[in-house]
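Chemist: Each chain is listed here by its residues.
2 protein chains.
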Amino acid sequence: MGSLPSDTLAVEMTDTHVLAGAGDGADTTEWLLNSPNPPSFWEELAAAVRENVIPRSCTKTHLAKKKTKTTSSSSEKQSIFKATLTLLQSMFPILKLGRNYKASNFKSDIMAGLTLASLSIPQSIGYANLAKLDPQFGLYTSAVPPLIYALMGSSREIAIGPVAVVSLLLSSMLQEIRDPVADPVGYRSLVFTVTLFAGIFQAGFGLLRLGFLVDFLSHAAIVGFMAGAAILIGLQQLKGLLAISNFTTKTDVVSVLESVVRSAHQPWYPLNIVLGCSFLIFLLVARFIGRRKKKLFWVSAIAPLISVILSTLIVFVSRADRHGVKIVKEVKEGLNPISVHQLQFNSSSVGLAAKSGLIAAIIALTEAMAVGRSFASIKGYNIDGNREMIAMGFMNIIGSLTSCYVATGSFSRTAVNFSAGCESVLSNIVMAITVMLALQFFTRLLYFTPMAILASIILSALPGLIDINEALRIWKLDKLDFLACLGAFLGVLFHSVEFGLLLAVGISFAKILLISMRPAIEEVGRLGRSDMFGNMKQFPMAMKTQGISIVRINSSLLCFANASFIKDRIMRLVEEDDDIEETTKDQPKQLVVDMCNVMNIDTSGIIVLEELHKRLLLNGIQVTIASPKWEVIHKLKRTNFVERIEGRVFLSVGEAVDSCLQSASKLPSPTKVLVT
Amino acid sequence: MGSLPSDTLAVEMTDTHVLAGAGDGADTTEWLLNSPNPPSFWEELAAAVRENVIPRSCTKTHLAKKKTKTTSSSSEKQSIFKATLTLLQSMFPILKLGRNYKASNFKSDIMAGLTLASLSIPQSIGYANLAKLDPQFGLYTSAVPPLIYALMGSSREIAIGPVAVVSLLLSSMLQEIRDPVADPVGYRSLVFTVTLFAGIFQAGFGLLRLGFLVDFLSHAAIVGFMAGAAILIGLQQLKGLLAISNFTTKTDVVSVLESVVRSAHQPWYPLNIVLGCSFLIFLLVARFIGRRKKKLFWVSAIAPLISVILSTLIVFVSRADRHGVKIVKEVKEGLNPISVHQLQFNSSSVGLAAKSGLIAAIIALTEAMAVGRSFASIKGYNIDGNREMIAMGFMNIIGSLTSCYVATGSFSRTAVNFSAGCESVLSNIVMAITVMLALQFFTRLLYFTPMAILASIILSALPGLIDINEALRIWKLDKLDFLACLGAFLGVLFHSVEFGLLLAVGISFAKILLISMRPAIEEVGRLGRSDMFGNMKQFPMAMKTQGISIVRINSSLLCFANASFIKDRIMRLVEEDDDIEETTKDQPKQLVVDMCNVMNIDTSGIIVLEELHKRLLLNGIQVTIASPKWEVIHKLKRTNFVERIEGRVFLSVGEAVDSCLQSASKLPSPTKVLVT
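First to last, the sequence lines map onto chains A and B. Per our numbering, residue 108 is the first one in the first sequence, and the count goes up by one each step. Per our numbering, residue 108 is the first one in the second sequence, and the count goes up by one each step.
Since the hints were made in silico from the structure, they are not lab data.
Where chains are identical, the list cannot tell them apart; a pair therefore holds if satisfied intra-copy or between any two copies.
With a straight-line Cα cutoff of 16 Å, these simulated EDC-like cross-link-like pairs (lysine to aspartate or glutamate) come out:
#1 Lys583 <-> Glu150
#2 Lys644 <-> Glu738
#3 Lys586 <-> Glu738
#4 Lys486 <-> Glu717
#5 Lys357 <-> Glu283
#6 Lys644 <-> Glu150
#7 Lys214 <-> Glu530
#8 Lys644 <-> Glu151
#9 Lys696 <-> Glu682
#10 Lys203 <-> Glu530
#11 Lys586 <-> Glu151
#12 Lys721 <-> Asp675
#13 Lys721 <-> Glu753
In isolation and in its complexed conformation, chain A is listed as follows:
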């Protein structure tokens, strides 16, 4: 490391300790042994509870209050007003807009909102169809939830409404209990109940600060899940595109393909297919243009609306609906009706509704968080996961009372909102108002819209959900991660949406446990003439010190699950070292265990360390502990392990090796007992 640039180093003393000159091993060991106790379990628990119960903004406000206490009472009143405002702002982030919001920002938001609405209206109708609901319910879901989110949410770009994956999830989970064709009213009330539960779970996660639950789905699992869901959604569209009447109610690939093959014997409607495919090509070309030239993003944004208008006109003029083209028919006019009385809490279905609500809540949150975080990081602001969950929860609770199904942040529409230059959450309000106007005045215009167009609008949005490049990147980076990705993908495709998710979560957690249970034990050597030590395999120039084996435990826990594995590995390394050295008759007589990576140790770990010490001592090998962490040295002191190894504990590997070399020159050669 060479000379220290002490002239350029501005140091601030945090304590009045007299600093001994570094390099004195005994002194630094004193630092290690006499350091204060680490925070106890109860202190850590209290800190965790405090942190989770009192939101951070409150503590900040308190701090602000404290600062102003020295000033006069009039400013104290002002500070109370300010604190109230801060509290209100923390509950309703929209209030923060005020000062910095200008007319130009408002103009941008109106433009973005209108663009968003032109994409939302056809997509919402399509997704309602995917969720096996009447078209107006998709529009309802694009009207009320965005308004609620606009009041409470903190993301500026996210576009709220129904999304493909959640729509598929709901229909796949619920249509096996209530048939949406035979009993549309019962199915609908089940959907609203599930939406209510989803909202309650989401708000509950946020209030209990369980935001980390969303992290259970790893990036790799989401990539696999989204791709699988996209393929299922695409297959579902075959119904609309091919105008199949007896379509399966299952969602897995096998059932759907069987259904398609069976439909080959039924009458075909070529017009339907021609219409759907030609507009699909139009939409994909528009999408391609929007991707290639960022300035022409609006082409892809308004293409769906243009398709709807054009195709509706074509059908209306040609009356193609008489020749087999299926059309939307009636869309109910008017704003969201109240749906409180439709909620069902009878014991037969409430458990299932709660379970489905939980799954829908997690999927919806995962998508919204991924969308919100990625756009927030582009603009460089932070999203509080817990507060976001509360906003999503209330939006779905109120949605379930106003005939909406589960809404969340949409990938594709958020990207359009961002590209259209939205400045704040107001663009969501503009969109919601536009959708409401459409509901009130223009539903009749949708009568002749062909179902095939809705299918092609959904199909054209799917390529965004399948990210083959990302899957390849995951494969290259981490094979076990890819296994989770593949598990989610295949599980969703061939079994069910829930099973795919469960499989991915299971694989991801099994991976963490596996790595914790089977950590690597590496032999380290000195790098050059420095005091740095590195893995002998990673750094071919690393040098061994004769008579001293240095091993590093690459695990943050030395615990029941890996303790005897670690002991066996260390014993084997020492024995193998013996084999090599036997030729030179200079056996290593010292073992330095570098514990720098071990954050914590449990009783099983301490027992194993003691066993290791005993066993090696019988073979004439001394154990030295290097760089133990705070918790570890604390526990080693308490269990008298430090005394048992005669205080051979050092702050760094370098000091441990120096001390070993010194003691080796003093001590008589220990008698060697063979390892049997």
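On the provided structure of chain A, position chain B as indicated by the hints.
Modeler: Positioned in the frame of chain A, the structure of chain B alone reads:
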């Protein structure tokens, strides 16, 4: 670290790299960036498979073969003979005895074996009673399994036979399916079938090298489980001690105590209680003497046999059995009968037998491994867990064919064997032969043995299973570990043996996941004038470097489960640092992330690092990575993250800080954007 003792340092060059003088940051960064690729997933998988499929002794033998290849063909024949012998010895460790075994060793083994037998015979009858089997089955289990183990096992001290915990486990699991009183034959054949399954599972674990499964039970869980089981076993003895006739078939505390209270209305047998309690006091005093004076250990070892003889004589002379003292009555004469025809594989019970067999296999292995390892570590030799499992498996498979139930290594008898000075596994053979002689010739003498004495023999062995000091030590060391201990204890006491175990395993694994998901992020500072950096809270003398925040990630994984938590924590640390420094108007402009503890990173982790870099850059803060490990730097290179942070990657925190200080003096002050 001061001057390096280069004169005393014997270095061996492992490579021909020209070593640059250490201290040149750029050079060491080159070492880091140009190190060879870490072993790929497939290489690691292949290594793991190779290691698990080919046992270590074989590779060693091959090595030995290779060495002798250069010599003549006659010695080659000899080497083949030697290899065969080594293979046989590895399968039957008893063959290793040969050369070094002397007459004096044999004498010690015979003495130890006889002492062991005097303890085994009364204990075996008692445990058979606990397992709801006739007394002779306990003796059978002390006859055949020790012989098999003696051939195949590698522990020298372990004493094989029935044990209290497994006996309780079997009766608690099986008596609810087959009533041992109403259908003793059916119950017995169920027990043999479970024993067969336990043996198959044990041998299977060993052959598939799944020895790590035993590690799933942490030390803390075992302490809690044993204490809970001991209390249950003690409560079961109330039946014998109080001569209760309508005893419950459940094992949990509540049911047993209810049973005892209900029995208060039934006729009492005071003689029974007086007899049992007086011998219990005698046994406890003998135990106390054996504990206090190591030389008098034999007092506690033969006390049970003396109690049996004395009490049998008393009952025989006084005919107390006519006054309510319950006696053993007939014990079937003769050696173990064959029980192959009693095994049941009808579909109704085979699944349950397999499940019970699995649980019994794991509990039996856990006890045996704990016993074997702790005594092996005292004598300084190693026990191969997988081979031990195979030995236990075969011993139970053959046991199930010869009327034995699940046998394993007993804590109390192994301690007696060790104290009696056993030299090899031969003491087990001596014990087995003595038990067989007893079965053949002395069973009639047991006719008048009172049941209360068997109960007091079991009761006197229980204090060894309850280790309050160890529980207290666990409480002091690790509160979450204690929770697992308490979970096992209460689960066993108030629900069932299986539930207690499951709870303990669940808590233990939840702890690993929790620690992985919520790692600490600590701020580190320079220790003295050295190049060592330590936690600011642990080392009050650690110094901050102005303008540079250094944070260390205390987790061995930066993965989906903790990535966004780590990002939030780092952002908060940086922001809070801002708050403090605002008074001096010298904001930190550099962040050094010390990744020395992070062994691996997944795609979620890399995404979070990229987000962190982007966010901090917008706030005018540069990110520098210090001491990334092999896998991590490999992945950071592959994803171009190293390029994105302009190569600011260093081998140590010291070098990273030096580089930051140099670049700070060059760069213009970056414009600061506020974190909102």
